[in-house]
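K.L.:
All chains, full assembly: derive it from the sequences and hints.
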Amino acid sequence: MSWTRTNPGAGEPWGIRSQASIRQTGADNLRTTTLTNLQTAVTDAASATWTAQAATAFAASAEGLIPDVQVIITGLETDAGALNQYAAMVEQIQDQARAVQRLQDDAQHDLARLLFTSFGDTAETTSPWSEPDPNALERARVLEALRVARSTLTQVEVRWDELALQRRAADDACVATLASVGSRGNLAGLGTQQLSYLSTTGLLQKLDGLSATEITILLQNNPGLAEKFRTSPPDAAGVEAWWSGLGGASQSALIAALPIVIGNLEGVPYGSRVQANKHNISTGIATLEKEIVDLKKIVEANKDGSGTRGGGSGAARREAQEKIAALRDQISYYSKLRDEKTTFPDPATGLPVTVTGHNILVFDHAQDAIAEYSGMLDPVTGNVPAAVRSLGIYVPGTNTTLGNFDGQVQRSEWFVGHAANDGSIAMITWKGGAFPQGGEAISGGMTEKLGQRLAQFGQGVELANTATVVGLGYSAGGAMLGSAERAGLALDRSLQISSAGMGFGVHDLEEYPATADVPHYSLMAPGDLLAYPQGLEVGDWGHGGSPLTTDGFVRLETGYLEAGDVSSGQIRGHSAIWDKEGTTILQMYNVIAGEQVELYAEPELISTDPDTGRSVYTNPVMEPGYKPKMVDVQGGDK
Amino acid sequence: MDRASAPLKLGGDLTRGAGSAELGSGPVASALDESTSQRASRAVLAGEIIADLGRRATDYVNEILAADTKLVTQLENGRRPR
Numbered sequence: 001m002s003w004t005r006t007n008p009g010a011g012e013p014w015g016i017r018s019q020a021s022i023r024q025t026g027a028d029n030l031r032t033t034t035l036t037n038l039q040t041a042v043t044d045a046a047s048a049t050w051t052a053q054a055a056t057a058f059a060a061s062a063e064g065l066i067p068d069v070q071v072i073i074t075g076l077e078t079d080a081g082a083l084n085q086y087a088a089m090v091e092q093i094q095d096q097a098r099a100v101q102r103l104q105d106d107a108q109h110d111l112a113r114l115l116f117t118s119f120g121d122t123a124e125t126t127s128p129w130s131e132p133d134p135n136a137l138e139r140a141r142v143l144e145a146l147r148v149a150r151s152t153l154t155q156v157e158v159r160w161d162e163l164a165l166q167r168r169a170a171d172d173a174c175v176a177t178l179a180s181v182g183s184r185g186n187l188a189g190l191g192t193q194q195l196s197y198l199s200t201t202g203l204l205q206k207l208d209g210l211s212a213t214e215i216t217i218l219l220q221n222n223p224g225l226a227e228k229f230r231t232s233p234p235d236a237a238g239v240e241a242w243w244s245g246l247g248g249a250s251q252s253a254l255i256a257a258l259p260i261v262i263g264n265l266e267g268v269p270y271g272s273r274v275q276a277n278k279h280n281i282s283t284g285i286a287t288l289e290k291e292i293v294d295l296k297k298i299v300e301a302n303k304d305g306s307g308t309r310g311g312g313s314g315a316a317r318r319e320a321q322e323k324i325a326a327l328r329d330q331i332s333y334y335s336k337l338r339d340e341k342t343t344f345p346d347p348a349t350g351l352p353v354t355v356t357g358h359n360i361l362v363f364d365h366a367q368d369a370i371a372e373y374s375g376m377l378d379p380v381t382g383n384v385p386a387a388v389r390s391l392g393i394y395v396p397g398t399n400t401t402l403g404n405f406d407g408q409v410q411r412s413e414w415f416v417g418h419a420a421n422d423g424s425i426a427m428i429t430w431k432g433g434a435f436p437q438g439g440e441a442i443s444g445g446m447t448e449k450l451g452q453r454l455a456q457f458g459q460g461v462e463l464a465n466t467a468t469v470v471g472l473g474y475s476a477g478g479a480m481l482g483s484a485e486r487a488g489l490a491l492d493r494s495l496q497i498s499s500a501g502m503g504f505g506v507h508d509l510e511e512y513p514a515t516a517d518v519p520h521y522s523l524m525a526p527g528d529l530l531a532y533p534q535g536l537e538v539g540d541w542g543h544g545g546s547p548l549t550t551d552g553f554v555r556l557e558t559g560y561l562e563a564g565d566v567s568s569g570q571i572r573g574h575s576a577i578w579d580k581e582g583t584t585i586l587q588m589y590n591v592i593a594g595e596q597v598e599l600y601a602e603p604e605l606i607s608t609d610p611d612t613g614r615s616v617y618t619n620p621v622m623e624p625g626y627k628p629k630m631v632d633v634q635g636g637d638k
Numbered sequence: 001m002d003r004a005s006a007p008l009k010l011g012g013d014l015t016r017g018a019g020s021a022e023l024g025s026g027p028v029a030s031a032l033d034e035s036t037s038q039r040a041s042r043a044v045l046a047g048e049i050i051a052d053l054g055r056r057a058t059d060y061v062n063e064i065l066a067a068d069t070k071l072v073t074q075l076e077n078g079r080r081p082r
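Protein sequence lines, in the order shown, are assigned to chains S and A. All residue numbers in the first sequence are consecutive under our numbering, ending with 638. All residue numbers in the second sequence are consecutive under our numbering, ending with 82.
Hints listed in this document are in silico derivations from the structure and should not be mistaken for laboratory results. Since we're looking at a predicted model, the values are computed, not measured. Mixed in with the good hints there might be a few duds.
[Claimed, not checked] Taking beta-carbon pairs under 7 Å as the criterion, some of the chain S residues facing chain A (in silico):
1. Ile-72
2. Ala-179
3. Gly-191
4. Gln-220
5. Asn-221
6. Ile-331
[To be verified] Covered stretches of chain A (chain S as the covering partner; in silico rule of three or more C-beta atoms under 8 Å from a C-beta of chain S):
7. 31 to 43
8. 50 to 56
[Unchecked claim] From the structure, some residues in chain S lie toward chain A, with a derived Cβ separation under 7 Å:
9. Ser-2
10. Ala-54
11. Ser-61
12. Asp-68
13. Gly-75
14. Asp-79
15. Asp-171
16. Val-175
17. Leu-178
18. Val-181
19. Ser-183
20. Arg-184
21. Leu-187
22. Thr-213
23. Ile-217
24. Tyr-626
Glycine included, C-beta positions come from ideal geometry on N, C-alpha and C.
P.N.:
Below is the structure:
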């Protein structure tokens with residue numbers, strides 16, 4: 001119900017006062033019971049009768065609640081005061097409105113009556129009589145009465161306008177108080193409407209100084225807040241400046257209350273993101289546990305099914321049981337990410353250091369997103385330590401899921417754990433969203449979107465010095481890396497490994513705005529079927545040009561199953577390149593580390609059968625006396 | 001502590017806010033709704049912490065009482081506590 005110009009007093013002052021009274025009573029109760037009890041509890045805990053450490057912790061927790069309770073009490077009292085004042089103003093307007101209404105009714109009644117008198121209908125319009133008018137006096141009286149009635153009605157209209165203004169002013173005053181600091185504490189000015197107008201950069205500024213409780217309240221009342229950061233991420237440099245300007249209490253509050261944003265926000269130091277992502281992992285575990293509860297209900301409901309004929313309740317039960325087992329595996333993996341103790345060489349000293357939980361830089365269970373840093377983070381800055389000279393960003397390929405991501409991280413850890421690494425190499429394994437599964441791998445549009453997300457992630461890479469950043473994309477991950485480069489990802493070197501292509505629609509290194517001039521390498525073993533569709537694009541299908549043949553790429557040799565040993569046989573196909581003893585993985589390491597690499601030994605045409613058209617080529621690496629052609633890995637300006 | 005948390009359960013009459021027709025005005029009704037909703041969230045969060053504190057304190061006291069009882073029993077039985 002809303003008031004109108006002709007009903008400016010709409011509303012029930014008694015009802016408004018009743019709302020005020022409820023709030024005042026609530027405030028009184030809170031002050032005399034909760035606040036007093038909390039203060040007493042704090043005092044008691046500090047007394048000599050309870051001296052254990054638990055007393056200090058208890059007192060701190062109880063004391064920490066007092067400001068919140070006080071905000072509630074003050075808010076209730078402020079609202080009660082505003083509502084009482086509002087009720088009085090509405091009442092006053094109602095009184096005046098009634099008087100105006102009476103005036104209007106009387107004037108309208110007079111007008112109607114006068115218009116129905118003998119002369120009423122003509123008094124105002126008829127020209128003066130040319131001959132003596134026997135009713136002149138009466139006519140003049142009616143004319144005057146009509147003028148008065150119409151004047152009154154004009155005044156009434158002015159009064160309605162005035163009352164509407166009064167009501168609007170009363171509304172505005174009440175709204176201002178209800179939205180004030182007195183009513184809402186630090187959340188004043190952070191109403192749903194105000195938040196909806198803010199950019200994510202503006203939102204961050206508003207979050208400064210809020211307690212964890214207040215941030216939680218904002219989220220509860222504005223559920224789309226976190227999603228806004230995902231769809232419209234703020235500039236990483238701005239975030240970095242904002243975060244470093246926050247006090248420790250504000251940072252802790254944000255990590256505790258807004259982990260899904262902070263854990264995935266480019267510009268926040270990695271150390272803080274790791275902390276936030278521990279919360280996000282716990283949330284992911286809770287989600288999975290809830291799914292298990294629901295699946296157990298299906299198992300229970302189908303417990304009498306035979307389960308032997310592939311249909312009916314037995315099939316449903318088996319399916320649910322299999323899902324439960326898979327979810328338990330995933331929970332186990334998540335728990336490991338959060339709680340497992342891992343050891344890395346300290347970049348500063350080279351000595352092993354053990355940390356609890358993995359360095360998770362991205363984690364969003366709902367978005368199927370994760371990224372892990374393999375190595376030690378700087379304990380002071382929370383970022384990549386100064387001793388790291390090369391940072392690899394590895395993007396795995398098709399069929400990578402949260403369930404098997406661990407295996408991809410192990411590939412990164414192989415580089416970090418390599419005997420030649422003295423702590424100067426660190427790796428990030430990135431899966432910033434749902435990766436293509438099976439046939440989806442052909443979709444260039446999908447890898448392009450992931451590439452854009454990778455470019456955004458790259459903005460958050462904060463180095464302590466001029467360390468080299470190397471991108472490594474495997475299979476579909478190569479197309480993502482290429483799309484990221486086209487979206488502006490800054491790298492010093494780029495390596496395409498058994499790649500699907502240079503990125504959707506990309507056919508020239510010049511299309512990479514930040515990396516057109518940096519060294520680009522590629523690796524692909526003989527017999528890798530992915531070599532055939534390279535360069536083909538139809539509609540949404542395909543992944544751009546070939547990293548094997550496009551000008552500017554340096555193709556490297558994939559070599560043998562055991563590096564340096566021709567008798568071990570040649571690496572062939574799409575996956576054997578990851579063999580831990582092989583030539584290819586060493587080549588990858590050397591690209592990351594900036595060492596020497598072996599150039600691709602180009603086969604030469606021996607002959608072509610004129611009947612079948614089949615050609616026969618040499619296989620240089622398998623020929624006796626083969627000598628690898630080694631070159632230095634080039635740097636590059638980011 | 002449970003007694004202390006009780007008043008923080010604001011109840012329907014407070015959380016009803018100003019959606020009620022008697023306020024008669026859209027802007028006031030929505031401002032009061034939002035103010036009340038924020039406060040209700042704050043009260044619920046504070047109430048949960050208070051209740052948790054109460055539970056922990058109670059558990060702590062019970063543990064001490066149990067330890068006391070065990071010690072007394074051992075002493076009465078003439079055994080040295082370990």
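K.L.:
For each hint, tell me whether it holds in the structure or not.
P.N.:
Comparing the hints with the structure gives:
Taking 7 Å as the C-beta cut-off, the interface hint given for Ile-72 of chain S holds, the closest approach to chain A being about 6 Å. Below 7 Å, beta-carbon pairs count as interface contacts, and Ala-179 of chain S has one with chain A at about 6 Å; its hint therefore holds. Taken as an interface hint, Gly-191 of chain S checks out: its beta carbon lies about 5 Å from the nearest beta carbon of chain A, inside 7 Å. Checking Gln-220 of chain S against chain A: minimum C-beta separation of about 5 Å stays under 7 Å; hint holds.
A hinted interface residue such as Asn-221 of chain S counts as satisfied when its beta carbon comes closer than 7 Å to some beta carbon of chain A; here the least separation is about 6 Å, so the hint holds. The beta carbon of Ile-331 of chain S comes no nearer than 25 Å to any beta carbon in chain A, farther than 7 Å, and the hint placing it at the interface is violated. Counting residues of the segment 31 to 43 of chain A whose C-beta lies closer than 8 Å to any C-beta of chain S gives 11; at least three are required, and the coverage claim holds. Counting residues of the segment 50 to 56 of chain A whose beta carbon lies closer than 8 Å to any beta carbon of chain S gives 3, which meets the minimum of three for the stated coverage.
The interface hint given for Ser-2 of chain S holds, since its Cβ lies 5 Å from the closest Cβ of chain A, which is under the 7 Å cut-off. Restraint check, Ala-54 of chain S versus chain A: the minimum CB separation of about 6 Å is within 7 Å; hint holds. For Ser-61 of chain S, the interface hint holds, since its Cβ comes within 7 Å of a Cβ in chain A; the closest pair sits about 6 Å apart. For Asp-68 of chain S, the interface hint holds, the least distance from its beta-carbon to any beta-carbon of chain A being 5 Å, beneath 7 Å.
Hint on Gly-75 of chain S holds. Least Cβ distance to chain A is approximately 5 Å, under the 7 Å limit. A distance limit of 7 Å between C-beta atoms decides the matter here; for Asp-79 of chain S the minimum to chain A is near 6 Å, and the interface restraint holds. A distance limit of 7 Å between C-beta atoms decides the matter here; for Asp-171 of chain S the minimum to chain A is near 5 Å, and the interface restraint holds. Hint on Val-175 of chain S holds. Least Cβ distance to chain A is approximately 4 Å, under the 7 Å limit.
Taken as an interface hint, Leu-178 of chain S checks out: its beta carbon lies about 4 Å from the nearest beta carbon of chain A, inside 7 Å. At about 12 Å, the closest approach between the beta carbon of Val-181 of chain S and any beta carbon in chain A exceeds 7 Å, and the interface hint on this residue is violated. The closest approach between the C-beta of Ser-183 of chain S and any C-beta of chain A is roughly 5 Å, which is under the 7 Å cut-off, so the hint is satisfied. Because the closest C-beta pair between Arg-184 of chain S and chain A is about 6 Å apart, less than 7 Å, the hint holds.
About 5 Å separates the beta-carbon of Leu-187 of chain S from the nearest beta-carbon of chain A, less than 7 Å, and the hint is met. Restraint check, Thr-213 of chain S versus chain A: the minimum CB separation of about 5 Å is within 7 Å; hint holds. Hint status for Ile-217 of chain S: holds, given a least beta-carbon distance of 4 Å to chain A, under 7 Å. Restraint check, Tyr-626 of chain S versus chain A: the minimum CB separation of about 70 Å is more than 7 Å; hint violated.
The earlier numbered hints that this structure contradicts are 6, 18 and 24.
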